[in-house]
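Asker: Single-letter residue listing:
Number of protein chains: 2
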Amino acid sequence: MDLEQLLPRNIQELKPYVAGKTISEVKKEYRLNRISKLASNENRLGCSPVVKDAVLRALQQIQDYPDPIAGELRKKIADKHGVKEEEVILAAGSESIISILCKTFFKNGENAVTADATFVGFFVQAGVRGINLKKVPVTSDYRFDIDTILDTVDENTKMIYIANPNNPTGTYINKNEYGKLLKGLPEHVLLVMDEAYFEYARSVSDYPNALENRPENVIVLRTFSKAYGLAGFRIGYGFADERLITEMLKTKLTFEPTTTAQFAAFAAMDDQDFIERSVETVKKGINRITGFFDSHHIRYADSISNSVLMILESEEEAVEFTQRMLESGVILRRVNAFGLPNCIRITIGTDDEMSHFEESFREIYSIQKS
Amino acid sequence: MDLEQLLPRNIQELKPYVAGKTISEVKKEYRLNRISKLASNENRLGCSPVVKDAVLRALQQIQDYPDPIAGELRKKIADKHGVKEEEVILAAGSESIISILCKTFFKNGENAVTADATFVGFFVQAGVRGINLKKVPVTSDYRFDIDTILDTVDENTKMIYIANPNNPTGTYINKNEYGKLLKGLPEHVLLVMDEAYFEYARSVSDYPNALENRPENVIVLRTFSKAYGLAGFRIGYGFADERLITEMLKTKLTFEPTTTAQFAAFAAMDDQDFIERSVETVKKGINRITGFFDSHHIRYADSISNSVLMILESEEEAVEFTQRMLESGVILRRVNAFGLPNCIRITIGTDDEMSHFEESFREIYSIQKS
Chain R
2 MDLEQLLPRN IQELKPYVAG KTISEVKKEY RLNRISKLAS NENRLGCSPV
52 VKDAVLRALQ QIQDYPDPIA GELRKKIADK HGVKEEEVIL AAGSESIISI
102 LCKTFFKNGE NAVTADATFV GFFVQAGVRG INLKKVPVTS DYRFDIDTIL
152 DTVDENTKMI YIANPNNPTG TYINKNEYGK LLKGLPEHVL LVMDEAYFEY
202 ARSVSDYPNA LENRPENVIV LRTFSKAYGL AGFRIGYGFA DERLITEMLK
252 TKLTFEPTTT AQFAAFAAMD DQDFIERSVE TVKKGINRIT GFFDSHHIRY
302 ADSISNSVLM ILESEEEAVE FTQRMLESGV ILRRVNAFGL PNCIRITIGT
352 DDEMSHFEES FREIYSIQKS
Chain D
2 MDLEQLLPRN IQELKPYVAG KTISEVKKEY RLNRISKLAS NENRLGCSPV
52 VKDAVLRALQ QIQDYPDPIA GELRKKIADK HGVKEEEVIL AAGSESIISI
102 LCKTFFKNGE NAVTADATFV GFFVQAGVRG INLKKVPVTS DYRFDIDTIL
152 DTVDENTKMI YIANPNNPTG TYINKNEYGK LLKGLPEHVL LVMDEAYFEY
202 ARSVSDYPNA LENRPENVIV LRTFSKAYGL AGFRIGYGFA DERLITEMLK
252 TKLTFEPTTT AQFAAFAAMD DQDFIERSVE TVKKGINRIT GFFDSHHIRY
302 ADSISNSVLM ILESEEEAVE FTQRMLESGV ILRRVNAFGL PNCIRITIGT
352 DDEMSHFEES FREIYSIQKS
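Top line first, the protein sequences correspond to chains R and D. Counting from 2, one number per residue, gives the positions in the first sequence under our numbering. Counting from 2, one number per residue, gives the positions in the second sequence under our numbering.
Since the hints were derived computationally from the structure, they do not count as laboratory data. No experiment lies behind these values; they were computed from the predicted model shown. You may find that some hints are simply not true.
Since the list can't tell identical chains apart, any single copy or any two copies may satisfy a pair.
Listed below are the simulated DSS-like cross-link pairs for lysine-lysine, each with C-alpha atoms no more than 30 Å apart in a straight line [unchecked claim]:
id : residue 1 : residue 2
1  : K284      : K22
2  : K85       : K176
3  : K135      : K251
4  : K251      : K22
5  : K284      : K184
6  : K77       : K251
7  : K16       : K285
8  : K29       : K81
9  : K28       : K77
10 : K251      : K136
11 : K136      : K29
Take the sequences, apply the hints, and build the full model.
Answerer: Shown next, in the form of structure tokens:
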């Protein structure tokens, strides 16, 4: 079998995914009891307790295929946001919607413009579709550079991808920048605003809620994986002009998201207290960790998300710090695949988890820096 | 917005998915209490009772992303089938694995060869990827025509897709035909054997279990959606040479299948009594419905699957029969999208559901045929 002959070039060039260690593997390998998983921007409070009963109801029809358009949930989301059902798509997480965007809209040879330090899921899905990706360097404060992004658009550009707040940096484009982006957006270009971390960001006064200012070529993504704490179910949603949604529905897998995901998300939407509690926990945690970093002269990016980007001097330091933290039971995420080899993304956890982080940090640096 | 300008031609040419009516919609619209859903080849016995506890365990970590390679389940499947873990891929149903195959292996301009009356999911995913599909007519007894399929392969053929047993016909290629297929298979062509209905077929003496005779360019698909009754969870699996699996893992969504799906499937594998009971129910049901058809001079295809293809005189008759059955609470599946406009696919249900079918059938035809 000649793989080089068999495979398209863009697939050959993709790197295989390397799974991180699971909690139980870390426990076993390093003989630890206390583990703080601050690696994947998940909700460390879990999810709403209402989810359990919803899932038990879902099990009563689990032998049947899911509702392909997730009709009841779609209506609930449309009503909540004051849009038509036909402007909403549900799929197996934002990553799946990004895959759908790549499959639906790109002709061979077209390109997409985004930052060089943003969600790796977009890089991967663009690679799978063989899309020419134009990555614009982030600014010195780790933010999307809107002017340069607009300058980079050409006649073959099909899409601009902005994560707002951005992942892994936690930074955001403000209302002024969003306005500039809309003003400079050519008609033939789709603008994707990935608002996976919307719930954490919405109270910031100059954060632009793209759903409230959405021309026909703007697509807004949201998810149940972050503040709602439903990552294991795989369910996200998107808003767009209904003509675009009609096309996207053609390329999504017929039966995503799953029945359990649909039932869980439907129920979870009713427990906004859980969302507020989750957001509050994260805001306190951000203040705590940035205060801690300030007092220890560690650089970081200003975050309105549920994680903080820790900026180290070099890739080597990032590798070593991540490894040392792992050995003390704190699982962090290096973000080299996101374009930032010298940085580490730290998910904000519970008070106890943040204490674990601080204690381990002190241990490591008292050895290294004393 | 100029959609014709915006979209690739293959996407424009795809038909939007039209969802069938849900059980509750049918109940409401026709004021019915008794509904028999024999439309989607689901397991009418439900799923194994062990699934519930497994799902409750899964909920304890539902805020976290799923294990990307479904490691524990992958190992269990590999061990059961005597292959290496690296030869197994898990994904969100067979449809997702078919999508992965289309994304991973096809270069622009390459084609796939299959039957004109087979699983619509392959037609759709090939269309999404813009693959040139060469559809070979089925034989007069609704079977894959292996000789003509081999003759249709050319230097641009990347894949042959065979569903065995076939969906929607329930027919199969036998050991002799499978041997012929392997013998005639050029080295540059991948052969996909979709065995979604394997559990129903395996006891048939000349049914070829492709997993037991699998050269390096053969890929075998199985699923938990049919006999296991887990369709709502979306989980299927595939076996292939580990070099092929490595490439397929690059294009699958990072976190499919879901955590609940992984836990449910892991537990369900231990309840083989449930599978045997399900298969037994279907075998009895096939005998019953084919006897019924014989006595009413209705044509059908010989099935070793969990459904029977009913062959009517015309598309009009199929449309009308399906509608009349729906009005009496029996939901059936027209298979025009599968290439058979004059046929109806009838999932084998419980005794009570098969009685419902027979009673409604008699009512309809005593009016039409008397």
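Asker: With reference to the structure, classify each hint as holding or not holding.
Answerer: Verification of the hints:
With identical chains, the CA atoms of K284 and K22 are at most 30 Å apart within one copy only, with a shortest distance of 28 Å there and 45 Å across copies. In the homo-oligomer, the alpha carbons of K85 and K176 lie at most 30 Å apart inside one protomer (25 Å), although the nearest pairing across protomers, at 53 Å, exceeds that limit. Proximity of K135 to K251 under the C-alpha cut-off of 30 Å is found in both arrangements, the shortest distances being 27 Å within a copy and 21 Å between copies. Taking the shortest alpha-carbon separations for K251 and K22, only the inter-copy value of 18 Å comes in at or below 30 Å, while the best intra-copy value is 36 Å.
With identical chains, the CA atoms of K284 and K184 are never at most 30 Å apart, being 32 Å at best within one copy and 64 Å at best between copies. For a Cα distance limit of 30 Å, the shortest separation of K77 from K251 inside one copy, 22 Å, qualifies, whereas the shortest one across copies, 34 Å, does not. Proximity of K16 to K285 under the C-alpha cut-off of 30 Å is found in neither arrangement, the shortest distances being 37 Å within a copy and 49 Å between copies. With identical chains, the CA atoms of K29 and K81 are at most 30 Å apart between copies only, with a shortest distance of 26 Å across copies and 45 Å within one.
For the homomeric pair K28 and K77, the shortest alpha-carbon distance between copies (22 Å) is at most 30 Å, but the shortest distance inside one copy (41 Å) is not. Proximity of K251 and K136 under a CA criterion of 30 Å is satisfied in both settings, with 29 Å inside one chain copy and 21 Å between copies. When the C-alpha separation of K136 and K29 is checked against a cutoff of 30 Å, the pair qualifies neither within a copy, at 40 Å, nor between copies, at 53 Å.
In the structure shown, a violation is registered for the earlier hints numbered 5, 7 and 11, in ascending order.
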